[in-house]
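So you can see what is in the structure, the chains are spelled out below.
There are 2 protein chains.
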Amino acid sequence: MGIKVKHHPWNIIQDFWDPDLQEDAEAIFSLGNGKMGHRGNLEEYFSGPTLQGTYIAGVYYPDKTRVGWWKNGYPDYFAKIINAPDWRGVKTTVNGVKLDLAKVKIIDFERVLDMKQGFLSKSFIAELNNGQRLKIHSIRFLSMANDEIGAIKYEITPLNFGADLQIILDIDGDVKNRDANYGEKFWEEVEIDIEPFPYLITRTKKAEFLEKKGKKSPQFYVCNAFDTQIFIDNLQQTVISEFKTQPKYIAQIYNFKLKQNQTLTIYKYVSVTSSVFYKDLEQLRCKAFENLDIALGLGFDELLKQHIQAWDEKWKQSDIVIQGDVAAQQGIRFNIFQLNQTYTGKYKNLNIGPKGFTGEKYGGVTYWDTEAFCLPFYLSTAPREVARNLLIYRYNHLPKAIENAQKLGFSGGAALYPMVTINGEECHNEWEITFEEIHRNGAIAYAIYNYIRYNDEPQYLAQYGLEVLIAISRFWAQRVNWSKPKKKYVILGVTGPNEYENNVNNNWYTNYIATWTLRYTLESINYVKQNFGDDYKRIVQKTNFDEETETLHWRHIIENMYYPYDENLNIILQQEGYLDKEIVPASKIPENQRPINQHWSWDRILRSCYIKQADVIQGLFFFEHEFDLETIARNFYFYEPLTVHESSLSPSIYSIVASKIGDEQKAYELYLRTARLDLDDYNKEVREGLHITSMGGTWMSLTYGFGGMRIKNNRIAFSPFVPQKWQSFSFKINFRNWLLKIYVDKKSVLIDNLSDEPIDLYLYDKPYTIKPHDSLRAKAQHVKHKTQLAFFDK
Amino acid sequence: MGIKVKHHPWNIIQDFWDPDLQEDAEAIFSLGNGKMGHRGNLEEYFSGPTLQGTYIAGVYYPDKTRVGWWKNGYPDYFAKIINAPDWRGVKTTVNGVKLDLAKVKIIDFERVLDMKQGFLSKSFIAELNNGQRLKIHSIRFLSMANDEIGAIKYEITPLNFGADLQIILDIDGDVKNRDANYGEKFWEEVEIDIEPFPYLITRTKKAEFLEKKGKKSPQFYVCNAFDTQIFIDNLQQTVISEFKTQPKYIAQIYNFKLKQNQTLTIYKYVSVTSSVFYKDLEQLRCKAFENLDIALGLGFDELLKQHIQAWDEKWKQSDIVIQGDVAAQQGIRFNIFQLNQTYTGKYKNLNIGPKGFTGEKYGGVTYWDTEAFCLPFYLSTAPREVARNLLIYRYNHLPKAIENAQKLGFSGGAALYPMVTINGEECHNEWEITFEEIHRNGAIAYAIYNYIRYNDEPQYLAQYGLEVLIAISRFWAQRVNWSKPKKKYVILGVTGPNEYENNVNNNWYTNYIATWTLRYTLESINYVKQNFGDDYKRIVQKTNFDEETETLHWRHIIENMYYPYDENLNIILQQEGYLDKEIVPASKIPENQRPINQHWSWDRILRSCYIKQADVIQGLFFFEHEFDLETIARNFYFYEPLTVHESSLSPSIYSIVASKIGDEQKAYELYLRTARLDLDDYNKEVREGLHITSMGGTWMSLTYGFGGMRIKNNRIAFSPFVPQKWQSFSFKINFRNWLLKIYVDKKSVLIDNLSDEPIDLYLYDKPYTIKPHDSLRAKAQHVKHKTQLAFFDK
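First to last, the protein sequences are chains A and B.
Under the numbering used here, think of the first position of the first sequence as 21, with each following residue one higher.
Under the numbering used here, think of the first position of the second sequence as 21, with each following residue one higher.
Check the hints yourself; a few may be wrong.
No copy is singled out in the list; a pair is fine if it fits within one copy or between any two copies.
[To be verified] Straight-line alpha carbon distances no greater than 25 Å define the calculated DSS-like cross-link-like pairs of lysine-lysine that follow:
#, residue 1, residue 2
1, 704, 233
2, 608, 504
3, 233, 381
4, 704, 91
5, 427, 608
6, 704, 427
7, 125, 26
8, 608, 91
9, 84, 205
10, 508, 608
11, 608, 507
12, 704, 232
13, 26, 704
14, 381, 91
15, 761, 334
Calculated directly from the structure, the hints in this document are not laboratory data.
When you get a sec, could you build the whole thing from the sequences and use the hints?
Written as structure tokens, this is what we have:
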């Protein structure tokens with residue numbers, strides 16, 4: 021069962037047709053260009069199971085919170101990037117019969133996602149009940165060169181008959197979200213016309229429940245305009261068409277008489293503009309028409325060419341080549357492709373949803389995934405502004421994060437960044453997460469550190485970073501409390517990254533990232549004070565910062581934080597009391613009970629020792645430089661066997677750490693669980709959408725993991741090895757002003773400095789300098805860790 | 021603000037009219053007779069704020085679960101006793117204008133709930149805009165003598181004009197629940213007719229979502245039939261009427277021309293039958309008509325007389341007389357009255373909802389409140405079968421409780437009784453309660469112990485009790501686990517009675533009641549084995565009980581359970597790690613932040629030390645006989661200052677324990693928080709309904725608390741004192757075969773043995789025998805506890 025795509029280095033190929041697997045295919049064949057995206061829905065009529073999904077970045081609806089039992093502090097709504105008007109329809113009626121792909125016989129079906137060139141194509145022969153056959157071929161893309169344009173080339177050829185065809189090209193704004201909390205539709209029609217182009221302007225409804233509370237409801241306007249070009253056997257035609265409009269719907273209807281073997285080609289050009297980027301209706305409309313004029317002027321082939329060039333630029337910086345394993349090659353490229361489709365970093369007001377534009381789950385809005393799993397990818401594969409914009413997104417949300425903390429009872433400028441947000445307001449509504457999974461606040465601080473460390477750009481602190489750090493530190497300083505029995509600071513009632521434990525006390529990861537934030541903030545204060553005196557004064561004033569008192573308190577916390585530890589096993593404890601549980605390795609769970617989150621009651625999961633995703637190990641990854649290898653290894657060998665990796669974010673982190681401690685086999689085994697997660701539908705849920713943010717983790721397990729990439733003494737460092745099964749792999753890194761290519765095979769490592777400046781770096785901990793446009797070649801090493809500790813029987 | 025009723029020993033009197041407080045009044049003026057009940061809604065038109073509520077015992081709808089985030093193990097639905105067809109309408113139009121009590125001027129309004137006689141009356145003068153005045157007087161009751169009959173006497177007199185009146189007498193089945201999860205209406209019409217009486221049969225909808233899952237949806241049928249008698253100036257009239265029907269609605273419409281000062285009297289007799297008690301439609305219909313025939317035959321006055329007699333019987337057994345404090349007298353009678361209205365114990369398939377028939381909250385279904393707070397009241401004030409039926413209700417649910425445990429991963433006949441249920445299935449859907457508030461299972465066991473202890477009826481074990489005990493013990497035996505670090509059994513991930521802590525480890529109360537259950541089950545096994553050998557064999561076979569292995573394990577748990585304790589303060593710890601919190605007495609919370617559950621975020625409440633309701637103290641109340649007074653007192657003085665009593669179930673338990681340790685002032689102070697909770701609307705929420713189950717607690721704080729009533733060496737014991745502010749109080753106790761009256765004033769105690777048998781009992785720990793129909797008089801003592809420990813500054 022499940023969709024199986026063919027292995028190919030650059031393409032994702034589905035060479036069979038199964039209408040029941042269309043939802044799976046829709047996720048895998050998703051397209052995006054950062055500003056919009058959609059699932060791989062068909063252009064054709066299709067009455068089979070489908071999750072129609074078209075999304076426009078930043079266009080959301082505040083869907084009224086739905087909970088069973090209200091808790092004080094819950095948000096009013098869950099913001100979701102909503103299903104937007106669907107402009108992809110090219111719907112055919114043959115001699116009066118609808119060409120419905122769920123109802124006709126489909127022969128020689130092939131659907132291809134060309135990742136190198138960034139387009140989706142599809143070809144098949146449809147055989148009607150009466151034996152009449154039509155050949156169909158379509159190409160679709162969302163331009164990376166002009167991110168408000170989409171285009172479809174649709175060819176149709178009757179193979180064994182002369183056909184009366186009616187073709188409907190439409191824009192359907194009467195769409196809904198499957199996950200609407202109260203079954204509502206979110207769109208209203210604003211304008212519909214056929215001049216100068218057929219177009220539909222819709223707007224999102226105002227959320228009445230917000231307005232009733234005296235709060236402003238956000239409202240977005242979207243314009244979808246389209247035009248067509250018609251060819252028969254490569255000769256352009258002028259064809260009379262009709263228009264049909266319904267509420268929130270416009271269609272252009274063509275009628276053709278085709279002879280046998282004549283090919284009709286329709287080009288459908290679409291422009292999608294939204295009020296996220298244009299302030300008034302006039303602008304929105306004009307810009308949509310302007311885009312269409314450009315598209316029509318260029319024509320399909322030229323538009324596609326520009327699109328492919330834009331993708332070429334992306335691949336130049338971000339491609340990873342794996343030799344000796346086509347499945348792995350395809351897997352890593354799929355990850356890179358999807359990350360680039362989801363976020364381009366052009367806009368400070370956009371971010372990355374866990375499922376990007378590929379499904380409804382998680383509402384397309386922002387989680388800590390962005391900072392912990394995606395930032396490193398964009399840091400290394402895209403121009404500096406891209407990662408910077410991810411940081412500034414959070415900087416701009418700082419006032420809302422402060423409000424959010426106030427709502428929970430904190431004061432004095434303390435900030436708690438939301439678990440889920442699109443506009444800075446918390447949208448999550450599950451107390452054990454919303455209020456308790458506060459380690460996310462640390463990830464925001466860590467991202468600042470990570471960005472600065474990577475780019476050697478401490479001045480970022482003066483402009484943006486320090487304000488955020490102070491606010492987060494203030495939160496930690498209030499969130500801890502002094503335990504009399506322990507004579508230590510404790511952090512009570514939290515949920516760590518391992519969400520299979522809720523409301524625990526002294527989650528080690530949380531306690532650690534809290535004091536780390538305080539330490540880093542103190543350092544940053546000193547740096548800014550010394551180097552950007554005026555900025556420091558501005559920040560002190562703006563944040564009402566009482567340096568002496570506040571930092572004194574922070575130092576006291578840093579020096580007196582409680583960290584749960586077991587002296588017998590000599591391991592860090594995930595949380596206080598963790599060893600009171602029955603500790604049995606996950607390998608003992610019967611296979612038919614996995615994944616446990618689909619087989620066990622929530623309470624059984626909670627009481628068990630099983631770990632959903634890296635928790636202690638997430639900390640040892642982030643703060644690796646503060647621990648010796650022995651400690652990291654001991655904890656790895658204790659916690660990995662207890663981890664069920666039921667979050668897509670888990671195996672990548674464990675894989676990186678396994679690489680670090682020299683357990684190459686384990687590193688590769690875990691890599692496999694993340695690399696083709698969606699292509700092989702490991703979790704049997706790909707139909708819901710792709711795990712976009714976890715793809716950043718996959719990328720890391722290859723570059724940070726197998727590549728051993730780190731920043732060390734302010735230089736880049738590599739300690740690469742190639743997994744047994746592969747011949748070689750290579751990746752490119754955009755590091756500060758340098759572009760590097762790292763190649764590794766069984767015997768050797770080759771690092772090319774593709775830049776005009778010499779670079780000082782480390783390879784296997786030894787310093788080297790590589791001249792501009794020169795290379796470093798060295799023998800490949802495998803760092804073997806001495807002992808593979810076994811805490812458990814197999 | 022809020023409704024203020026007049027103090028009166030027997031009556032609840034509202035002597036003002038405020039349409040905005042009608043919802044408050046509706047709760048307070050609720051009526052019930054165990055089989056049905058309703059809020060104090062008006063018979064008249066009323067366009068002001070109202071929560072219309074008519075409930076029929078056992079008639080529920082499985083409302084599809086509504087949660088934000090689904091957790092494995094959640095139930096399909098929340099069963100709720102739904103708002104049933106409203107038969108109370110007597111709606112008047114005066115010269116073409118609706119008499120709407122929200123729109124006319126109301127003069128001399130008085131509404132009286134006569135608790136002694138069990139009826140609700142109301143009188144007022146309505147002045148229309150044109151100055152025309154009508155005098156209205158109504159009486160309404162739900163017969164305690166025939167619990168399927170309700171009646172209204174409605175008198176209307178135009179005072180200063182001749183009136184054209186249209187009066188609509190209706191049954192309105194087109195009602196809905198305000199708390200319907202998806203806004204659905206739950207009723208469908210089945211039959212509507214005017215012969216032999218106007219009647220409406222409705223049925224609850226089938227829950228489609230259940231049927232789709234292949235499960236059977238429950239469905240209930242209800243027949244409402246009515247008839248009228250008309251008098252003008254005491255002369256019976258034969259008046260032609262019209263009927264009007266609409267879907268789920270039937271009305272009988274009368275037109276009258278009244279002269280000034282003529283009084284029209286309408287008697288509306290209603291019979292309500294449900295398929296909870298009648299198997300087919302024919303029976304349902306016939307029984308309704310039969311009831312009406314009886315009612316019409318008796319007439320209003322005779323019906324009322326029988327009703328009053330039935331109440332008289334109840335008061336004879338259950339009245340409490342307080343002298344010197346009318347407010348207290350009214351308060352305690354209101355509690356007793358409501359308990360008797362809610363549950364009569366006639367039917368094994370009924371139970372007690374936390375709000376009885378007075379509102380929608382908690383769905384009218386069963387919580388552990390029944391066993392912990394209500395059972396003692398019925399044990400002492402009603403015939404033995406009444407309390408017994410409460411126990412058998414749970415016995416009958418045992419198979420479902422075993423299923424429920426299986427759903428959560430338990431096996432081998434372990435039972436987890438639901439948090440909320442009507443048919444034995446769990447309906448609650450909040451993981452920290454549903455899955456974790458497992459101490460409820462202990463309360464079911466404790467109720468068996470309590471019933472047997474009170475009635476000296478250990479043979480109950482053989483017939484019903486032991487099966488339940490074994491199943492609950494099996495649950496505990498699987499729910500504990502062995503902690504290697506502690507070398508003890510622990511119970512992880514629970515919520516104790518204090519729901520302001522969730523998912524804690526080793527809640528002392530839970531651990532204690534778990535081992536207590538195991539101990540009691542072991543004892544019970546021995547008893548049944550020795551005294552009811554055949555029953556024991558039957559039970560062993562039925563439950564597949566492996567006595568040797570299972571009891572060995574239980575003994576090991578009993579001997580090795582972990583109980584959190586602080587050696588420094590010498591107190592029991594509510595849960596492991598409780599003292600890691602910041603411990604500040606509740607008196608330090610600013611008044612404007614109370615109650616904290618209306619002012620603080622949930623996470624702030626959870627992290628705080630504040631206790632919602634008795635937890636350690638609940639345990640010390642239940643298991644008082646296993647602790648010395650010093651221990652009880654120490655823990656009381658530690659925990660009471662940390663308790664915010666934001667559950668209605670809290671102050672009563674603390675009050676009883678305060679009485680026990682001789683802190684009379686504290687006992688009285690806490691009593692005041694429970695005794696008039698609803699009458700004085702202490703929590704500003706009475707409009708939602710009355711706190712029926714907490715009324716059992718109030719009764720206990722008077723009898724167990726001030727009265728010092730206990731079972732001791734298999735005899736009843738008293739240690740009464742009268743609170744300073746009162747002159748005296750007295751209560752009656754139905755104990756085994758005896759009826760006792762206990763009177764206490766400042767100087768003396770008087771115990772009357774109202775039975776035909778002598779009784780051996782204790783008074784102030786001294787044994788006495790009282791001959792039949794004789795009395796014991798003794799000096800009143802005040803048991804003063806030596807030290808009032810102060811753990812905190814004021």
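Tested hints:
When the C-alpha separation of residue 704 and residue 233 is checked against a cutoff of 25 Å, the pair qualifies only between copies, where the shortest distance is 22 Å, while the shortest distance within a copy is 41 Å. For a Cα distance limit of 25 Å, the shortest separation of residue 608 from residue 504 across copies, 19 Å, qualifies, whereas the shortest one inside one copy, 40 Å, does not. Taking the shortest Cα distances, residue 233 and residue 381 sit within 25 Å of each other only across copies (24 Å), while inside one copy they are farther apart (27 Å). In this assembly of identical chains, the alpha carbons of residue 704 and residue 91 lie at most 25 Å apart only when taken from different copies (18 Å versus 33 Å within one copy).
In this assembly of identical chains, residue 427 and residue 608 lie within 25 Å of each other by CA distance solely across copies; the values are 21 Å between and 44 Å within a copy. Taking the shortest Cα distances, residue 704 and residue 427 sit within 25 Å of each other only across copies (23 Å), while inside one copy they are farther apart (38 Å). For a Cα distance limit of 25 Å, the shortest separation of residue 125 from residue 26 inside one copy, 22 Å, qualifies, whereas the shortest one across copies, 81 Å, does not. For the identical chains of this complex, residue 608 and residue 91 are inter-copy neighbours only, at 23 Å across copies versus 38 Å inside a copy, given an alpha-carbon limit of 25 Å.
Taking the shortest alpha-carbon separations for residue 84 and residue 205, both the intra-copy value of 13 Å and the inter-copy value of 22 Å come in at or below 25 Å. For the homomeric pair residue 508 and residue 608, the shortest alpha-carbon distance between copies (24 Å) is at most 25 Å, but the shortest distance inside one copy (37 Å) is not. For a Cα distance limit of 25 Å, the shortest separation of residue 608 from residue 507 across copies, 23 Å, qualifies, whereas the shortest one inside one copy, 39 Å, does not. Taking the closest pair of Cα atoms, residue 704 and residue 232 come within 25 Å of each other only across two copies (23 Å); inside a single copy the shortest separation is 42 Å, beyond that limit.
For the identical chains of this complex, residue 26 and residue 704 are intra-copy neighbours only, at 18 Å inside a copy versus 66 Å across copies, given an alpha-carbon limit of 25 Å. For the homomeric pair residue 381 and residue 91, the shortest alpha-carbon distances inside one copy (23 Å) and between copies (16 Å) are both at most 25 Å. In this assembly of identical chains, residue 761 and residue 334 lie within 25 Å of each other by CA distance solely inside one copy; the values are 15 Å within and 91 Å between copies.
Checked against the numbered hints listed earlier, the structure breaks none of them; every hint is satisfied.
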